[in-house]
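Chains as they are written, first to last, in the numbering used here: chain B, 1058 to 1459; chain C, 1404 to 1659; chain G, 21 to 311.
If you're looking for bench data, these hints aren't it; they were derived computationally from the structure.
In this text, a Cβ means the ideal position worked out from N, Cα and C, and glycines have one as well.
Accuracy of the hints is not assured; some may be wrong.
One-sided excerpt, in silico: chain C residues whose CB lies under 7 Å from chain G [claimed, not checked]:
#1 Met1472
#2 Leu1474
#3 Thr1478
#4 Ala1497
#5 Gln1498
#6 Glu1509
#7 Phe1511
#8 Ser1517
#9 Glu1518
#10 Ile1522
#11 Arg1525
#12 Ala1529
#13 Val1630
Derived DEER-like restraints, expressed as beta-carbon distance ranges [said to hold, decoys possible]:
#14 Pro1393/B x Asn113/G: 36 to 44 Å
#15 Gln109/G x Ser1434/B: 35 to 43 Å
#16 Trp1255/B x Val24/G: 35 to 43 Å
#17 Arg1480/C x Gln109/G: 24 to 32 Å
#18 Gln109/G x Gly1461/C: 46 to 54 Å
#19 Glu1506/C x Val1104/B: 50 to 58 Å
#20 Glu72/G x Leu1383/B: 47 to 55 Å
Capping the alpha-carbon separation at 30 Å, the derived lysine-lysine pairs in DSS-like fashion look like this [said to hold, decoys possible]:
#21 Lys1581/C x Lys1495/C
#22 Lys1543/C x Lys110/G
#23 Lys184/G x Lys1495/C
#24 Lys1495/C x Lys110/G
#25 Lys1543/C x Lys1581/C
Listed below, chain by chain, are the residues.
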Amino acid sequence: MTSRNTQNMDTRVKDKVSAMRAAAAPPADDAGATGSRSRLLGLIAPVGLVVLLACLPLLNLSIPGVLPGATYTPGTLHLLALAMVMAGAALSYNLLFGVAGLLSFGHALYFGLGAYGLGIVMEELELGLVPATLVVIMAGIVLSTILGAVSLRVTGIPFAMVTLAFAQAGFVLVRKNPGGLTGGEEGLRLPTDYVPDWLVGVADTRNLYWVALGALVLAFVIATWVQRSRAGHVAEAVRENELRVQVLGMRPFLVKLAIFVAASVIAAGMGMVHLLLNSGAVPHTMSAEFTISLLLMVVLGGVGSRWGAVAGAFVYVILSQRLAVLAQSSAIDDLPAVLAIPLSEPMFILGTIFILVVLFLPGGLAALGLRARALFSRRARSQLADGERTPGDLVQEDDQRS
Amino acid sequence: MTPAPVPETAAPGAVVGSGEHILSVRGLTAHVAGQQVVEHVDLEVAATGVTALLGRNGVGKTSTIKAVMGLIGRTGRIDLAGQDISGLPTHKVAQLGVGYVPEDREVFSALTVSENLRIAERPGHAHQYDLVYDLFPELKQRAGQAAGTLSGGQQQMVSLARALLNDNRVLLVDEPTKGLAPRLVQEVGQVLARAAEVVPVLLVEQNLQVVRELAQHAVVLTGGRSVHHGAAAAFLNDPELTQRLLGVSTGAEGSV
Amino acid sequence: MSEVILLAVTGVGLGAIYFLVASGLSLIYGLMHVLNFAHGVFLTLGAFLGLEVAQRLGASTWTGFAVSLLVGALAGAAFAALTERVLVQKLYNRHIEQVLVTVGLGLAAVALFDGIWGTDPRFPRGPAWLSETTTIGGANIPNIVFVAIISAAAVLAAVVLFLKHTRYGMIIRAGVENRAMVTALGIDVRNAFTLVFTIGGAAAGIGGVLASHHFGYVSPMLGQTLLIFAFIVTVIGGLGSLIGAAVASVLVALLQQFANFYLWGTGDFAVVILLALVLLTRPSGLMGRKA
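Looking at chain B on its own, in the form it has when it is part of the complex:
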């Protein structure tokens, strides 16, 4: 469009980057006198939530219609733990999509790498859980660096397709069961000999629940740290205008690669917890559908919002479980086929909800939350007035002509 001179560009990006730092900083930083109070609140709410979640296995709470049973029952704990694992994976996807503006369709590759990798490393190298975890993380770093470097040669939609292709190769590989390592279509079974006893068996579901909660908290902290790091800010600036960042002498490629690797490693970590939780890994965890389900959670929650990603994952996991139960119910069976067929397909309902969110609620659950808070708080109102970000605002495209 209009050509501005380089010097101008320079100062503007610096402004932009510092403005973003300010914007991304915890709410307290711009609040002046009420700062310490809201900082305290900003800390109390998440910590309180984590403590509450940590206590759930010890409590006897029931939320009929949402949870399958009381909170201490293995079934409910398993569902919640699964939601937490997916929330961690969704957080990592949000780093890619929401922070760096990279629309990947191959993120499942790294989740699957974690799940399969941990099982294979323990079984084949005869390593204990902790050393095996470290080996898998190293493998995740190496693989994501190599594949990221290739994929990041393109941006926008071509990037999406390339990542999809790499993940597809992984999907084909685990289904082919090379050397009997992955178990083919049946999947891989957790080699329980190398896992501490307190993590095996239905009776120990609450231990797995706590592991999942710990992993989610860790993922959240890492995601927050990456987003607030210099790389995170530069990535956001790159998203807005890559050329300007290049003019500043920063290497957008390296920044994007760093975030790609970080997101991949978090995903691999959550994949490892998934292996423990489900006592095995199946090819689905490496499929395009799995990545798409992460995308769904992030868009549902609100692209770019960490709490949104977590909320989106919980809604998605619990809703698909409940819808599957609903599909079996006689209430649905008795309906005429025109209604019974669509309503008995959870993915049909989730897909439709997703379309409606994209069409009518671009900011997802996060925007909904903001609107609700705007009724009570001036700050939320001003955030709302700044405009909600829609998914498309976040992704660079190769071609700006149209």
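With chain B's structure known, arrange chains C and G on it following the hints.
For chains C and G alone, kept in the frame of chain B given last:
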């Protein structure tokens, strides 16, 4: 060319009859990817002859034209012969008789020359192939050639021809001589002079010699705002003013 | 030798099916910059409806087969046109949201097909000749392969003629290059959007019927499985290039066939490696325009 009588300096905000101005822009603000590139521009395009849109590099001349076409997001009022077109999508603006010759020609390089012209044919308008081929006989010879293989000057001819093909009410011409050899600059100037006999033109042009020869009226933008409205000659002959607004000294050398 | 001929001809046949999916994807991406994740379900719908119609008219008759191709094309075209008008156009120029909407539609439609036709594959029957073979240079080649190749070539020719010789074709070619300028000439480019979706949907629908005979089954996932290879084909061929899609379809399918046979079933990997190589050397694809 007979310059139309125009007030020396149009008062901003004054209501101007559509008889004098074919296009009138009030408080135009335009943005690209969330960033303002034009801020509160007022300008009028005279109902006859050439109105030059001047200003330093990067001041928002191209963006102003794109905003009028609806190619970038805009707010404000844009009247074409009294009709507000600021809410219309690009194709509607064009259909109302606004011809557009973009900065970088933007011919369709994979299409042949004759296809580039045919795609510009607007249904319901007379298509002035006689005029076009009279002005650019070369295009007739090269009708079957892919436009992407033409020289820069020839591409400019295609781009101008697309705009001249329909009986437009106004032409928006963005830097038509950019990157052209001196001989071609002159040729483009002559074409525009002939075009301006039948249709008013808003011209963005860096080459002030061309502006002198063609324009009767001038609007000058600085910092995304319009600051000067008036006769082109009066402006260009004022060295102090051109130095201040354009950063170049014109002055007495070269007569109008 | 007969082995090589068999692999080559069946490879081109597979490429023909890839092309029927990839051509629409490439045109849609070229004009609208939308990666259409719902393209596979256009194919699947075409395959299922084609199968239903063929069964009612007599699956083993040529009439049944011909009508099933027609119905497949119409079903794909109608579904695609509706998708563009109802969902994609609402998000005019918001390319990422447009992609997301097609992702959602892909999920919802596959689930719906699951509900209607069940998750188990269905096996179409065609005229007996289709499952017989013709011997070329010692290789026994299934006749469906020739039908697929001829159909894809006919679709390619029809689309090329349409693009070259009609006003809308001209608008689409111009729009692929520079959509903004097309609108600046007074053309409402949205009609062209619906048109490319319709054409792409029709090609995919035909591809669906042919694929069901070529692979011998239809399942709700058929289209989405082929879609992934079609994506790879469009990237290798160069996004937006129809000829690129045709060349890359054949190239990818041949590589896949030969690698599967001679390199211990590594066809899918060979394709991904080819993709990586193309991206490293020519990021815009074999026939893509430089940005």
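Evaluated hints:
1. Met1472: Because about 6 Å separates methionine 1472/C from the closest Cβ in chain G, which is inside the 7 Å limit, the hint holds.
2. Leu1474: holds, 6 Å
3. Thr1478: Since the shortest Cβ distance to chain G is 18 Å, the answer is violated.
4. Ala1497: It holds, given that the least Cβ distance between alanine 1497/C and chain G is near 4 Å, below 7 Å.
5. Gln1498: This hint holds: glutamine 1498/C lies near chain G, its Cβ roughly 4 Å from the closest one there, short of 7 Å.
6. Glu1509: holds, 5 Å
7. Phe1511: Hint holds; phenylalanine 1511/C Cβ to chain G Cβ min 4 Å, cut 7 Å.
8. Ser1517: It is violated, given that the least Cβ distance between serine 1517/C and chain G is near 10 Å, above 7 Å.
9. Glu1518: holds, 6 Å
10. Ile1522: holds, 5 Å
11. Arg1525: The hint holds - arginine 1525/C has a Cβ within 7 Å of chain G, the shortest such distance being about 5 Å.
12. Ala1529: violated, 14 Å
13. Val1630: With a closest approach of 28 Å, the valine 1630/C hint is violated.
14. Pro1393/B x Asn113/G: 36 to 44 Å: For asparagine 113/G against proline 1393/B, whose Cβ atoms are near 40 Å apart, the range 36 to 44 Å holds.
15. Gln109/G x Ser1434/B: 35 to 43 Å: holds, 37 Å
16. Trp1255/B x Val24/G: 35 to 43 Å: violated, 59 Å
17. Arg1480/C x Gln109/G: 24 to 32 Å: This hint holds: roughly 28 Å between Cβ atoms.
18. Gln109/G x Gly1461/C: 46 to 54 Å: violated, 35 Å
19. Glu1506/C x Val1104/B: 50 to 58 Å: With a Cβ separation near 57 Å, glutamate 1506/C and valine 1104/B satisfy 50 to 58 Å, so the hint holds.
20. Glu72/G x Leu1383/B: 47 to 55 Å: violated, 29 Å
21. Lys1581/C x Lys1495/C: holds, 28 Å
22. Lys1543/C x Lys110/G: violated, 42 Å
23. Lys184/G x Lys1495/C: holds, 26 Å
24. Lys1495/C x Lys110/G: holds, 19 Å
25. Lys1543/C x Lys1581/C: holds, 24 Å
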